[in-house]
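Q: Just need the whole structure built from these sequences, with the hints factored in.
Protein chains: 2
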Amino acid sequence: MSQGKRRSRGGIPSSADDVAGNGLLNRRALLGGGLAFASAASAATVTGAAAEPLKDAPWSLETGAVTPVLQTPSRFEKNVVRTLSNPNNEMRTSHARTPHHLLDGTVTPNSLHFTINHSGIPDIDPAQHKLVIHGMVKQPLVFTLDTLSRYPLVTRMAFLECGGNSGAMFSNEPVQATAQGLHGLVSNAEWTGVPLSILLDEAGVDRSAKWLIAEGADSLALHRSVPVKKAYEDALVAIYQNGERLMPGNGYPMRLLLPGYQGNMNVKFLRRIKVVNEPAMSYYEARTYSQILPGGKAYRFHFLQEVKSFITNPSFGQALKGPGYYGISGIAYSGNGRIAKVMVSADGGTSWAEAALQEPVLPKAFTRFRMPWRWDGQPVVLQSRASDDAGNTQPTRAEFVAVRGQTKKPVASANAFPNQHYNGPTSWGVASDGSIKHVYA
Amino acid sequence: MSQGKRRSRGGIPSSADDVAGNGLLNRRALLGGGLAFASAASAATVTGAAAEPLKDAPWSLETGAVTPVLQTPSRFEKNVVRTLSNPNNEMRTSHARTPHHLLDGTVTPNSLHFTINHSGIPDIDPAQHKLVIHGMVKQPLVFTLDTLSRYPLVTRMAFLECGGNSGAMFSNEPVQATAQGLHGLVSNAEWTGVPLSILLDEAGVDRSAKWLIAEGADSLALHRSVPVKKAYEDALVAIYQNGERLMPGNGYPMRLLLPGYQGNMNVKFLRRIKVVNEPAMSYYEARTYSQILPGGKAYRFHFLQEVKSFITNPSFGQALKGPGYYGISGIAYSGNGRIAKVMVSADGGTSWAEAALQEPVLPKAFTRFRMPWRWDGQPVVLQSRASDDAGNTQPTRAEFVAVRGQTKKPVASANAFPNQHYNGPTSWGVASDGSIKHVYA
Chain A
1 MSQGKRRSRG GIPSSADDVA GNGLLNRRAL LGGGLAFASA ASAATVTGAA AEPLKDAPWS
61 LETGAVTPVL QTPSRFEKNV VRTLSNPNNE MRTSHARTPH HLLDGTVTPN SLHFTINHSG
121 IPDIDPAQHK LVIHGMVKQP LVFTLDTLSR YPLVTRMAFL ECGGNSGAMF SNEPVQATAQ
181 GLHGLVSNAE WTGVPLSILL DEAGVDRSAK WLIAEGADSL ALHRSVPVKK AYEDALVAIY
241 QNGERLMPGN GYPMRLLLPG YQGNMNVKFL RRIKVVNEPA MSYYEARTYS QILPGGKAYR
301 FHFLQEVKSF ITNPSFGQAL KGPGYYGISG IAYSGNGRIA KVMVSADGGT SWAEAALQEP
361 VLPKAFTRFR MPWRWDGQPV VLQSRASDDA GNTQPTRAEF VAVRGQTKKP VASANAFPNQ
421 HYNGPTSWGV ASDGSIKHVY A
Chain B
1 MSQGKRRSRG GIPSSADDVA GNGLLNRRAL LGGGLAFASA ASAATVTGAA AEPLKDAPWS
61 LETGAVTPVL QTPSRFEKNV VRTLSNPNNE MRTSHARTPH HLLDGTVTPN SLHFTINHSG
121 IPDIDPAQHK LVIHGMVKQP LVFTLDTLSR YPLVTRMAFL ECGGNSGAMF SNEPVQATAQ
181 GLHGLVSNAE WTGVPLSILL DEAGVDRSAK WLIAEGADSL ALHRSVPVKK AYEDALVAIY
241 QNGERLMPGN GYPMRLLLPG YQGNMNVKFL RRIKVVNEPA MSYYEARTYS QILPGGKAYR
301 FHFLQEVKSF ITNPSFGQAL KGPGYYGISG IAYSGNGRIA KVMVSADGGT SWAEAALQEP
361 VLPKAFTRFR MPWRWDGQPV VLQSRASDDA GNTQPTRAEF VAVRGQTKKP VASANAFPNQ
421 HYNGPTSWGV ASDGSIKHVY A
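Going line by line, the protein sequences match chains A and B.
Taking this note's numbering, I'd label the letters of the first sequence as residues 1 to 441.
Taking this note's numbering, I'd label the letters of the second sequence as residues 1 to 441.
Rather than coming from a laboratory, the hints here were simulated on the basis of the structure.
Ideal Cβ positions, reconstructed from N, Cα and C, are used throughout, including at glycine.
One or more of the hints may lead you astray.
To be verified - Below are the PhoX-like pairs computed for lysine-lysine, each with C-alpha atoms no more than 25 angstroms apart in a straight line:
1. A:Lys55 <-> B:Lys138
2. B:Lys408 <-> B:Lys297
3. A:Lys130 <-> B:Lys55
4. A:Lys78 <-> B:Lys130
5. B:Lys437 <-> B:Lys321
6. B:Lys409 <-> B:Lys78
7. B:Lys130 <-> B:Lys55
8. B:Lys78 <-> A:Lys130
9. A:Lys55 <-> B:Lys130
10. B:Lys130 <-> A:Lys321
11. A:Lys437 <-> A:Lys409
12. B:Lys55 <-> A:Lys138
13. A:Lys130 <-> B:Lys230
14. A:Lys78 <-> B:Lys78
As the list claims (entries may be wrong) - Simulated restraints on C-beta separations:
15. A:Thr393 <-> B:Leu70: 30 to 38 angstroms
16. B:Leu293 <-> A:Gly391: 54 to 62 angstroms
17. A:Gln128 <-> B:Ser435: 37 to 45 angstroms
A: See the structure below:
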């Protein structure tokens, strides 16, 4: 591969196949058939010819294991788990992060969906649980899971992201952590539930009401204020997650789903919706998720999860095995709508190439992007930058921290949360030995 | 609800809201806002007013459970499991069926994806497993999971269905079983893998080759013949299932995925692809999945899973709780492409109404359909009939058995498999007490 040995400088593609610096290839290469790709891949990945049949492996010589009623992953995948911030369930918040660096596609399996619970996971009997809608309504209503299930259901993909996800990106020096450690508080699932608008219409919401107070059945009675407007836009009372009932940590038996809005507002174990005139100014909206700006003031409400993306492969925790072809891949999403475009750079933002987006591109849901890449073995900095169909683009990290600030001292670990709603890029520095570090670029 | 009390006769809608006999409503009702729907739902599902806050439930008064590294369903969902045909792993085939009557949406969670294994589930070390492509190729190739993972990946939804799914529908009398028992050998997942065409191009397939023999690493070395044409159309070597690595029972660490083709051809634990001129006429293609026709002849190859649908809610195993509004819902899919239309009947096929299809409607994948319905408490027969965008429509059961035959005696249980590739409708008879039976209509 003589092309692979030429090195681009200053963002100038080094060959006709390259579309940006340091070996980013035209996304058409993903369709196969291109000689540039084929031979690059061949050099990198084929270990030798084998006209003779393989010798049987041990597992091919004996009857396999019994079929279980519920499948679980192979014992060889035991590192594919959520990381816990509070494994002993002490009297504080428990975070469990999705291992994005070990996954592909767009669905987050229910077992690996991130969760944050502030007082453990309640053990709710669905036959006893009730949801009340009251306040400024003509007719207060009570629903059981059974009666709720008879209302029209809709199914949609949606990401959920904690407002504090990626908080370690506020560190003035890059925290060395995986995509799971940095960005594991976002996941994507297919949710099925009843449009909240139907329930509110049934109750007869007073036209002057502006807010809902949604409250959970956990022991903190976690509650958040939600604009009535959002409730009528696309809010659901979700009762299924990827086809089955909600996971206990994700709000079983019912939760509020506000596509594109801060995770904490998507109240779990939903037991009460009160229609009111004023927001509650509850603990989680007035204190925890009120973000302090550099001047000392705070955003009063910051509901929307802005357009964002990060590369999951290659990323910190992985290592490249020599030069050759690699597929760069990651996740993009926006609380505003659909992802319109993801640009990828291999030279720290000097030059950019457009990634292929996996169809279907759905609103307020993960979009998997892919970029073919021929690595020549020299140090590179990989970065992605997404735009949504409402015209928003991720700011650079420099642009972001100019407005939102950063710490004066490095943050100790990915478990620290200096601030919220980081939506700048993430940069992975690949050294010539193939090792990968988190860098700022 | 005076409208609900009028009964339609002979398929004539009973009111302006009705669009077909026995209370099928216009699918616009699913959008809410319609008075007909709202009051129907209200009468059926609201148990009373509650201006006062609810009393705290026990789980709201104490700290909840510890957060696990892998989430599992609530203990109240322990009936949501696969049913097993061979729980003691005797020396015969093991079937595990998806509980469709307890699920909603379109994704089948990995824990509940159906599996059929003929000699247990092999315990494969992914670091040792190899895939060989050989035969009529310029350059035989060997792939490990690592080298394979560097090829371009694509992600898509696809259903997988056993050719023997719904075999009990060949019984001359309806087998009383759930949608899981009758149709549980079909599931739907998001698969990520390498297009087989790229690997075949890399190996340099001889242009005169017509077939591939795909072989698994299970102890039977299960192998099937696949047309080269299909391999180039949309075949994948899949390595992720709903975001995570394949489940052991679904082919870990790699499997062939042939969207829309008989499940058994989607060879699991894939270890060898031999490019050849002639089909292998292997056990599973020449014997097991060769279907005997009434005249004594057999189809030689029957690869495609035809257009099909069934209602999952309401269905056998459930019971209606009195008259009022219900959401009829089910699954439709076709090996030919996208679902174009699903018609639903509540009077055993006399009159039909068009169901709403959940977006996005994806090719060769589950489409969830929904139909609003106001039950007046009289006996009805519910049935669905799907059409795909290639112009195929499910035959009636009478049309189907006229060509394919049925048993002379009733089949004893849903575990018997008199024949394959049933794609007619399934009819649920609802009695006036709300109980549901499987009927032929």
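Q: Look at each hint and say if it fits the structure.
A: Evaluated hints:
{"no.": "1", "hint": "A:Lys55 <-> B:Lys138", "in the structure": "holds (22 angstroms)"}
{"no.": "2", "hint": "B:Lys408 <-> B:Lys297", "in the structure": "holds (18 angstroms)"}
{"no.": "3", "hint": "A:Lys130 <-> B:Lys55", "in the structure": "holds (10 angstroms)"}
{"no.": "4", "hint": "A:Lys78 <-> B:Lys130", "in the structure": "holds (21 angstroms)"}
{"no.": "5", "hint": "B:Lys437 <-> B:Lys321", "in the structure": "holds (15 angstroms)"}
{"no.": "6", "hint": "B:Lys409 <-> B:Lys78", "in the structure": "violated (35 angstroms)"}
{"no.": "7", "hint": "B:Lys130 <-> B:Lys55", "in the structure": "violated (60 angstroms)"}
{"no.": "8", "hint": "B:Lys78 <-> A:Lys130", "in the structure": "holds (21 angstroms)"}
{"no.": "9", "hint": "A:Lys55 <-> B:Lys130", "in the structure": "holds (10 angstroms)"}
{"no.": "10", "hint": "B:Lys130 <-> A:Lys321", "in the structure": "holds (18 angstroms)"}
{"no.": "11", "hint": "A:Lys437 <-> A:Lys409", "in the structure": "holds (19 angstroms)"}
{"no.": "12", "hint": "B:Lys55 <-> A:Lys138", "in the structure": "holds (22 angstroms)"}
{"no.": "13", "hint": "A:Lys130 <-> B:Lys230", "in the structure": "violated (51 angstroms)"}
{"no.": "14", "hint": "A:Lys78 <-> B:Lys78", "in the structure": "holds (24 angstroms)"}
{"no.": "15", "hint": "A:Thr393 <-> B:Leu70: 30 to 38 angstroms", "in the structure": "holds (36 angstroms)"}
{"no.": "16", "hint": "B:Leu293 <-> A:Gly391: 54 to 62 angstroms", "in the structure": "holds (60 angstroms)"}
{"no.": "17", "hint": "A:Gln128 <-> B:Ser435: 37 to 45 angstroms", "in the structure": "violated (25 angstroms)"}
Hints 6, 7, 13 and 17 from the list above are not met by this structure, while the remaining hints are.
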